[in-house]
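Peer 1: Got chain A sorted already, so can you dock chain B onto it with the hints?
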Amino acid sequence: DAKTTQPTSMDCAEGRAANLPCNHSTISGNEYVYWYRQIHSQGPQYIIHGLKNNETNEMASLIITEDRKSSTLILPHATLRDTAVYYCIVRPGNYGGSQGNLIFGKGTKLSVKP
Amino acid sequence: NAGVMQNPRHLVRRRGQEARLRCSPMKGHSHVYWYRQLPEEGLKFMVYLQKENIIDESGMPKERFSAEFPKEGPSILRIQQVVRGDSAAYFCASSPSGNQPQHFGDGTRLSIL
Numbered sequence: 001d002a003k004t005t006q007p008t009s010m011d012c013a014e015g016r017a018a019n020l021p022c023n024h025s026t027i028s029g030n031e032y033v034y035w036y037r038q039i040h041s042q043g044p045q046y047i048i049h050g051l052k053n054n055e056t057n058e059m060a061s062l063i064i065t066e067d068r069k070s071s072t073l074i075l076p077h078a079t080l081r082d083t084a085v086y087y088c089i090v091r092p093g094n095y096g097g098s099q100g101n102l103i104f105g106k107g108t109k110l111s112v113k114p
Numbered sequence: 001n002a003g004v005m006q007n008p009r010h011l012v013r014r015r016g017q018e019a020r021l022r023c024s025p026m027k028g029h030s031h032v033y034w035y036r037q038l039p040e041e042g043l044k045f046m047v048y049l050q051k052e053n054i055i056d057e058s059g060m061p062k063e064r065f066s067a068e069f070p071k072e073g074p075s076i077l078r079i080q081q082v083v084r085g086d087s088a089a090y091f092c093a094s095s096p097s098g099n100q101p102q103h104f105g106d107g108t109r110l111s112i113l
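Protein chains in written order, with the numbering used here: chain A, 1 to 114; chain B, 1 to 113.
Bound-form chain A, shown alone (with noise of 0.2 Å):
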């Protein structure tokens, strides 16, 4: 099961920005925080992953709290390309085996409209 919880669907205005929340209350210390979309009928995209500190790159930035238990993704202007599924996921930063697969929950489904 995936150990993250997002709203299931969101809508946000078109060159407004888009904040994505997630929850994972119980990520442990060596866990990070991904984050992909999927557009519809394509293979999932990877947007962006951190530990603690807040990252930014050039499609996202991704804030995590303190606590490091939940953390949001903001696409700074959305665009109408930007709908699509959104998939928080915790993955530990070290391993082999089992522990190297994503594991998808159902996702956020954002809506970019005019």
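Just to be clear, a hint being listed does not mean it is correct.
Chain A side only, calculated, beta carbon under 8 Å to chain B, not exhaustive [claimed, not checked]:
id : residue
1  : 40
2  : 42
3  : 43
4  : 44
5  : 46
6  : 49
7  : 51
8  : 104
9  : 105
10 : 106
I should point out that these hints are in silico values taken from the structure, not numbers from a laboratory.
Note that CB positions come from ideal geometry on N, CA and C, so glycine has one too.
Peer 2: Below, chain B alone, put in the same frame as chain A:
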């Protein structure tokens, strides 16, 4: 850089036939993962391979399914004697090592008649 390449994109088989799905990882990636997505469901892990070795096959059905990642060539997911319930999208992902992000292909959509 070419991404993860999967072929075919669509595959139709009749019940009882064999299905072979291919995955070429990104250049420099030696770790391959296979996932299955049933209609209206999330992705489920199947198997994790690293050149010529199966690292974790805990998500593979016990019968009819097998996977390989030979020294040369793509990774192959093989489904023998397919049944209607095998209809799904099968995704392959690759990474340069076991602790780096996985990058996915666009999948093979398998339909069983």
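Peer 1: A separate judgement is required for each hint: does it hold in the structure or not?
Peer 2: Hints and how they fare:
1. This hint is violated: residue 40 (chain A) has a C-beta 11 Å from the nearest C-beta of chain B, more than the 8 Å allowed.
2. Of the supplied interface hints, the one on residue 42 (chain A) holds, with its beta-carbon coming within about 5 Å of a beta-carbon of chain B, less than 8 Å.
3. The restraint placing residue 43 (chain A) at the interface with chain B holds, with a minimum CB-CB distance near 4 Å, inside the 8 Å limit.
4. At its closest, the beta carbon of residue 44 (chain A) sits 5 Å from a beta carbon of chain B; the interface hint therefore holds under the 8 Å criterion.
5. With a cut of 8 Å, the hint placing residue 46 (chain A) at the interface with chain B holds, because the nearest CB-to-CB distance is about 5 Å.
6. Among the interface hints, the one on residue 49 (chain A) holds; its C-beta lies about 6 Å from the nearest C-beta in chain B, closer than the 8 Å criterion.
7. Interface restraint check for residue 51 (chain A): the shortest CB-CB distance to chain B comes to about 12 Å, outside 8 Å, so the restraint is violated.
8. This hint holds: residue 104 (chain A) has a C-beta 4 Å from the nearest C-beta of chain B, less than the 8 Å allowed.
9. The criterion of a C-beta within 8 Å of any C-beta in chain B is met by residue 105 (chain A), whose closest approach is roughly 6 Å, and the hint holds.
10. The criterion of a C-beta within 8 Å of any C-beta in chain B is met by residue 106 (chain A), whose closest approach is roughly 6 Å, and the hint holds.
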